[in-house]
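Colleague: The chain contents come next:
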Amino acid sequence: MTDVIDKPKQDGPDLKVVGTRPVRPDGVDKVTGRAAFGADYRLPGMLTGRILRSPHPHARIVSIDTTKAKALAGVKAVVTAADFPDLDSEEYEAGESAADIRDLSLNVMARHKVLYDGHAVAAVAATSASVAEEALGLIEVVYEVLPHVTDVVEAMSPTAPLLHEGMITQGVTPPPTRPSNIAKRFASQRGDLEAGFAAAEVVIEDSFTTQAVHQGYIEPHACVATMTEDGQSVVWSSSQGQFMVRTYCAKLLGLEVADVRVIPAEIGGGFGGKTTVYLEPVALALSRISGAPVKLVMSRDEVFRATGPTSGTAITVKIGATRDGRFTAAQVELKYQAGAFPGSPAGAAVMTALACYDLENFSIIGWDVVTNTPKVAAYRAPGAPMVAFAVEGVIDELARNLGIDPIAIRELNGVRDGMKASYGPTFRNIGFQETLQAAREHPHYSAPLAPGEGRGVAAGFWFNVGGESTAALHLNEDGSAVVVTGSPDIGGSRASMAMMAAEVLGVGADRVRPVVADTASIGFSMLTGGSRTTFATGMAVTQAAQKVVESLKARAAMTWETGAEHVAWENGQAICLDPAKDVKALSLAELAANAARTGGPISAEVSLNAQGAGPGFGVHICDVAIDRETGHVAITRYTAVQDVGRAIHPAYVEGQIQGGAAQGIGWALNEEYVFGDDGRMQNSGFLDYRMPVASDLPMIEAVMVEVPNPRHPFGAKGVGEVPIVPPLAAVANAVRGALGFRMAHLPLSPPKVRAALDRSG
Amino acid sequence: MSQLQYYAPGSVEDAVKALGAGGRAMSGGTDLLVQLRAGRLPPGPIVDLKNVAGTQGIRQENGGWIIGAATPAALLGEHAGLVAAWPGVVEGAGLIGSTQIQNRASLAGNLCNASPAADSVPALIAARATCIVAGPGGRREVPVQAIVTGVGKTSLGPGEFVLEIRLPPRPPRAADAYLRAIPRTEMDIAVAGAGADIVLDEAGVCQDVRVVLGAVAPTAVIVAGASAALVGFRLDEAALERLDSAAQVVCRPISDKRGTVEYRTRIAGVLARRAVAIAWERAEKRA
Amino acid sequence: MSKVHIRARVNGDPVEFLAEQGMTLLDALRDELGLTGAKEGCGSGDCGACSIMVDERLVCSCLMLAPEAEGRRIETIEGMARDGGLHPLQRKFLEHAALQCGFCTPGLLVAAKALLDQNPDPTETETRFWLAGNLCRCTGYDKVIRAVMDAAAELRQAHSA
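As you go down the protein sequences, you meet chains A, B and C in turn. Our numbering numbers the first residue of the first sequence as 28 and each following residue consecutively. Our numbering numbers the first residue of the second sequence as 291 and each following residue consecutively. Our numbering numbers the first residue of the third sequence as 33 and each following residue consecutively.
In case anyone wonders, no lab produced these hints; they're calculated from the structure. All C-beta atoms, glycine included, are put in the ideal place defined by N, C-alpha and C. A couple of the hints might just be wrong.
To be verified - Derived coverage of chain A by chain B (criterion: at least 3 residues anywhere in the stretch with Cβ under 8 Å from a Cβ of chain B; other residues may be distant):
| no. | segment |
| --- | --- |
| 1 | 645 to 659 |
| 2 | 701 to 710 |
| 3 | 733 to 745 |
Bound conformation, chain A alone (with noise of 0.2 Å):
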């Protein structure tokens, strides 16, 4: 079922569980270690996996011989990509953003070449660990080294070493003739960019770029997998979607989609990351050889070699300007590393470079470039946090250079309300322009700095989405009730699930059980990405709740000898309007107690494609101090606004606030993949990828700005992604203002730092 909805928001104060604080329904099983995450699933017979790794870049695979790692007592099973199918090219539409079937099969085993240090060749089960890992060193693979290019814009180059050598650049007319590794072009524009320029009384300039980052979940990727002889399997794993998982596990091994149950498991973070398969095929396959069920873990290299970081990037931004600082062209030309299969997010990047800005003149292009490196994944706000960074940077120029508060200019040139944006629809219901307010009347914005500080400010969009989900909604007996989505739970979402549905029914969130079941369990619902959950799922929650509010006052009715139109629903509990009844109010309790009299059970189930995801900005401010000598730069206050809609879970709102921050944090500082000339990743532990610990971060101040989304019955807006999109603009705007220059090449660590302060005398 299809249903779109659309209606009035409700107000706050009459709102009793929305906007509370309870603690979360699965929280106890997560601070006393009950949770089952992806890799605590044991079963009888299980077997434990291995996959062996490429070491090259890029190499052809001349050959694999497997017979002495089969021939080795307890294993169990050896599969290569000769045992998957060998899928045509297909878009498919499962993961956060359409994929490219067959490269999705090449990514998780590689058939031909491998294309990046850490490409999946073979895999073993075996009866332990050891016996595992001896066998992998028993394979033997022959490779034929091949040239490599990790960079994105030497991977541009004509003379590049070519990753796919068919590969021929769309999106530009007439189509090139000799292939590249540019896989796509994007183009966006508005106006005359020339005469916009023309009327600018001021032009900046700047090129940027950006280091490839891990999303860094805490949790590697794990699943146990099981396939009987008829092909009917069982997944257990840690994912954003298990339809996601159970989609691409079908194709990827020719199953019927009815054929694979995906059970999800508790997931240990993902922000994008986990919208993909990576081992679940791979189980499949090595539980079919072997019929037993099979685990597969990784360690934390193999998630960082070989699972999705986001692009590394070049990006060139031009902005005029008139005195006062009214904004009059833009020109964006951006180029977005794929790693070894096409599908960058430079289309989103794209879409979001300008989206907080009326312009009237203005050109995007952006560039889609397979390199030798990991395959990228989504990663909050996929494309959008980079082209913010060169844009607000640019933008923090023009300020300085006009005299302008760079909250004021933003001011001056934000969207509004019935604008149209740089990419396509008219704005409603947005809260841009009352989210700078906010940030500019913040107490941290006029504090005093001290000396030798600086402070940044950052404006962030992103999209978010809304899409297919499906909730069912079971009443008990005793009038306490169970809610089920197909959504996983990756920061909170069970709660704001069951407080929608408690606020719907008029009872308490604690009489609600919200549960994420299997794809066998509940109708299908997309990944949890896009910010989409509480906006998507929320909605088919609401909806399922007010299907059994309907019911409940129907059987009131029915109780009472009255027509439904008598009955109003109250605070938990079915009151009578009819004035010939001299009837007592009933319970929630009550009605559900009778249920089997007045017609059975009490549930509803609804599936629906939401759309009206309200957009989402964010504006921050940060304050550096920076050690000069050592050029080791400390955040030493970060304030975070954003327009959220609603919020449902104020603390669960802060805290996707937060983290978006720290991890924006750690992309401006010290996060990176680093590449040895050799082409394999020289960091690929927690020790050398440096992920913001404790210490390095002050308190986050969450300032949440409600702005009511009105295509959702709570007024929520999607929040999760928007906050990472400003901190790489507000850090090093911040570090513009302390250092006296700019520095447009991430990361800012400590000797990049030191060495732009040698130079700059």
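Given the coordinates of chain A, assemble chains B and C onto it according to the supplied hints.
Modeller: Same frame as chain A, but now just chains B and C:
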């Protein structure tokens, strides 16, 4: 890694025998196990030295200090007497990894792992610490700087291991300090480190100094020009500038994922200056 | 390679198990004893998700071999709630929403308890440095630090009462 053999001898003799037979010494294991797991070391039998008599504990003897070589680093920081006498040595040991690592990692492990970036080593060398090495030929006492001969290489012979670390008695108006530079605030390997030990006379003039740098050469290096820069002088900007230059002269670093040659060299000078300033201030307070 | 027989005390109870000699204590707890509360996030002592107490000292169980546990007293997250009630730290983590995905939470709780056991009144800075060995990628640490400080205050009050 699960196929390793594990052996935990209780006596020096048994440990020497097991190591002589090709075993690999482990104390805290916080480096060794990581390297084995990553396949950077060939698998081999592990000889756990933590139960060997004499490898645990901190005690004072003849005015100096004896630290069992496998004593967890955290215990150094919890020992008020040692902290008062050798704050720099304790600072170095206290920077080896997280709280969790501190409860396992030891001075001997940090030393014999032979990483150029080992945090405890510069301060130990600056302190003129020695090692009691046990082996098939009995025991010998060697200066700490004689143990590490190159990246991942030590002078220990077959069957030998470090049993104790010894710190000399302190004269009055003497103090030490250790500092390192890392990109984050914790949980990193030193990009460069500097240990300094200084002795002042009653007038606050430097009588003796030793400054040692880490992570700027294959082994920790003594700043040869430190004495010329500082002995006979009071603490001032000129003295520290001389030391900064002297420190940079001895650097022979590499460029890698943690830092460039240029950065390491400059930062070594900065850290040397700062460490000496801290040690100096501490020594003055002891006057 | 023959397995070794190990006897230890885990969360107060005597346990015996067989382990390969090179098995980590983390794998032994998870695979031999079924205590999956301690997690492997890195296997190199850099994330703290496998934090446990051994003889009252906080360690990474991924950096300890199973045979080293012989005769030791081990405490894991599974032993933190006592007598049917949550430890104040566990309660404060829930009240402050100090977890999102929950994967690093057991390690953070064990590490935080070790801090409060030896320093009942830590400053924010002390807390941040003590917990620097426990990576959390979801929260930005803000609510984690608040929860630990709040639990410390409550424990101090309970102690003085």
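Colleague: All hints, please: hold or fail.
Modeller: Hints, verified against the model:
Residue count for the segment 645 to 659 of chain A with a Cβ under 8 Å from a Cβ of chain B: 4. That meets the three needed, and the coverage hint holds. Figure legend: the segment 701 to 710 of chain A, annotated as covered by chain B; annotation consistent (3 residues with Cβ-Cβ distances under 8 Å, at least 3 required). With 0 residues having a beta carbon nearer than 8 Å to a beta carbon of chain B, the segment 733 to 745 of chain A misses the requirement of three or more and the stated coverage is violated.
Checked against the numbered hints given earlier, the structure breaks only hint 3 and satisfies all the rest.
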